[in-house]
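Peer 1: Here are the chains, one letter per residue:
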Amino acid sequence: MNVTVKYFAVCHEMLDRSEEEMDLPEGATVKTILKRLEEEWPEIAEFYEVMQMSVNWEYATENTELAEGDEVALIPPVTGGCDV
Amino acid sequence: MFKITTEVITGAEVREAVEGPDAGAVVLFFGTVRNNTDGRAVKCLEYEAYPPMAEKKMSEIAQEISEKWGLDRVAMVHRVGKLEIGEVSVAVAVASPHRKDGFEACKYAMDRLKQIVPIWKREIWADGEAEWVKPDAVFFDAPKGHKTGLQTD
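These protein sequences, in sequence, are chains P and H.
For the first sequence, my numbering puts the final residue at 147, and the numbers step up evenly by one.
For the second sequence, my numbering puts the final residue at 336, and the numbers step up evenly by one.
There's no promise every hint is true.
[As the list claims (entries may be wrong)] Below are the DSS-like pairs computed for lysine-lysine, each with C-alpha atoms no more than 25 Å apart in a straight line:
| # | chain 1 | residue 1 | chain 2 | residue 2 |
| --- | --- | --- | --- | --- |
| 1 | H | LYS251 | H | LYS317 |
| 2 | H | LYS297 | H | LYS251 |
| 3 | H | LYS317 | H | LYS239 |
| 4 | H | LYS239 | H | LYS297 |
| 5 | H | LYS226 | H | LYS317 |
| 6 | H | LYS290 | P | LYS69 |
| 7 | H | LYS265 | H | LYS317 |
| 8 | H | LYS317 | P | LYS69 |
| 9 | P | LYS69 | H | LYS283 |
| 10 | H | LYS186 | H | LYS251 |
| 11 | H | LYS265 | H | LYS297 |
| 12 | P | LYS94 | H | LYS317 |
| 13 | H | LYS186 | H | LYS317 |
| 14 | H | LYS251 | P | LYS69 |
| 15 | H | LYS265 | H | LYS239 |
| 16 | H | LYS317 | P | LYS98 |
| 17 | H | LYS290 | H | LYS317 |
| 18 | H | LYS251 | H | LYS283 |
| 19 | H | LYS226 | H | LYS239 |
| 20 | P | LYS69 | H | LYS297 |
| 21 | H | LYS290 | H | LYS251 |
[Unchecked claim] In silico contact screen, one side only, chain H against chain P (beta carbon under 10 Å); selected entries:
| # | residue |
| --- | --- |
| 22 | HIS261 |
| 23 | LYS265 |
| 24 | SER272 |
| 25 | VAL275 |
| 26 | MET293 |
[To be verified] Sample of chain H residues at the chain P side, in silico, Cβ under 8 Å:
| # | residue |
| --- | --- |
| 27 | GLU231 |
| 28 | LYS304 |
| 29 | VAL316 |
What the hints contain is simulated information worked out from the structure, not anything from laboratory work.
Glycine is no exception: its CB is placed at the ideal position from the N, C-alpha and C atoms.
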């Protein structure tokens, strides 16, 4: 199945791309994507602890199962607004 | 109204979105770009967002406010891109029959926005360096030696 994976902020910089299509096996979860990214860029694993994932605009866990056409995103710690 | 925009925020857009005859108060909050962080001079800020998810999360915050205070007119707009010192990065408006609930709900909206809305801020320091901001004000950036995808000029 094909899913779209989006990268923002520091993830965008680390991976040098803002999104990509991934062809995943049936039964794949969010963790399947994380493992694949780790193979390409081992340092990204350091950020997993503080990062969240989303599937179709909703926060997800590593175990969230994926389906054809899903939009997945790596969400670094959010820092919108202002510091007051 | 829940919006990510590249346009200048005036406040009129969020105020007009919430005003109505039963409002006794409209609380309006602006977040603005400050010229320093802990004393270090800031040249400008860059904001990046995940717009569809950010707008969805903003609407969920409004739903939480509706459940907690019974207020149904909340508007939020956050700007992205490069912002200069003094410019408005975020505006929140809450209409309420009485001011107390409006102030509380507006504060709640900003607190929640900073927790769950996918928006990121990068500080461009006056000395030319740039860093993504972490929520606890400690900075991190891509590992050294890797080409960065974003221009900081």
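Peer 1: Determine for every hint whether it applies to the structure shown.
Peer 2: Structure-based check of each hint:
1. H/LYS251 with H/LYS317: Roughly 29 Å between the alpha carbons, so the hint for H/LYS251 and H/LYS317 is violated.
2. H/LYS297 with H/LYS251: The hint holds at about 19 Å.
3. H/LYS317 with H/LYS239: 22 Å, holds
4. H/LYS239 with H/LYS297: Status holds; Cα separation ~14 Å.
5. H/LYS226 with H/LYS317: Holds - the C-alpha atoms of H/LYS317 and H/LYS226 are around 18 Å apart, at most 25 Å.
6. H/LYS290 with P/LYS69: 31 Å, violated
7. H/LYS265 with H/LYS317: 18 Å, holds
8. H/LYS317 with P/LYS69: The given pair, whose Cα atoms are some 19 Å apart, holds under the 25 Å limit.
9. P/LYS69 with H/LYS283: Status violated; Cα separation ~41 Å.
10. H/LYS186 with H/LYS251: 22 Å, holds
11. H/LYS265 with H/LYS297: Judged against 25 Å, a Cα distance of about 19 Å means the pair holds.
12. P/LYS94 with H/LYS317: 24 Å, holds
13. H/LYS186 with H/LYS317: Holds, at about 23 Å.
14. H/LYS251 with P/LYS69: 33 Å, violated
15. H/LYS265 with H/LYS239: With Cα atoms ~23 Å apart, H/LYS265 and H/LYS239 stay inside 25 Å; holds.
16. H/LYS317 with P/LYS98: 24 Å, holds
17. H/LYS290 with H/LYS317: 21 Å, holds
18. H/LYS251 with H/LYS283: Status holds; Cα separation ~13 Å.
19. H/LYS226 with H/LYS239: Answer violated: H/LYS226 to H/LYS239 is near 31 Å, above 25 Å.
20. P/LYS69 with H/LYS297: 20 Å, holds
21. H/LYS290 with H/LYS251: 13 Å, holds
22. HIS261: Result: holds, 6 Å to nearest chain P Cβ.
23. LYS265: 15 Å, violated
24. SER272: 6 Å, holds
25. VAL275: 9 Å, holds
26. MET293: 6 Å, holds
27. GLU231: Constraint on H/GLU231 satisfied, holds at 6 Å.
28. LYS304: Status holds, d = 4 Å.
29. VAL316: 5 Å, holds
Violated hints, listed in ascending order, are 1, 6, 9, 14, 19, 23; each of the other numbered hints is respected by the structure.
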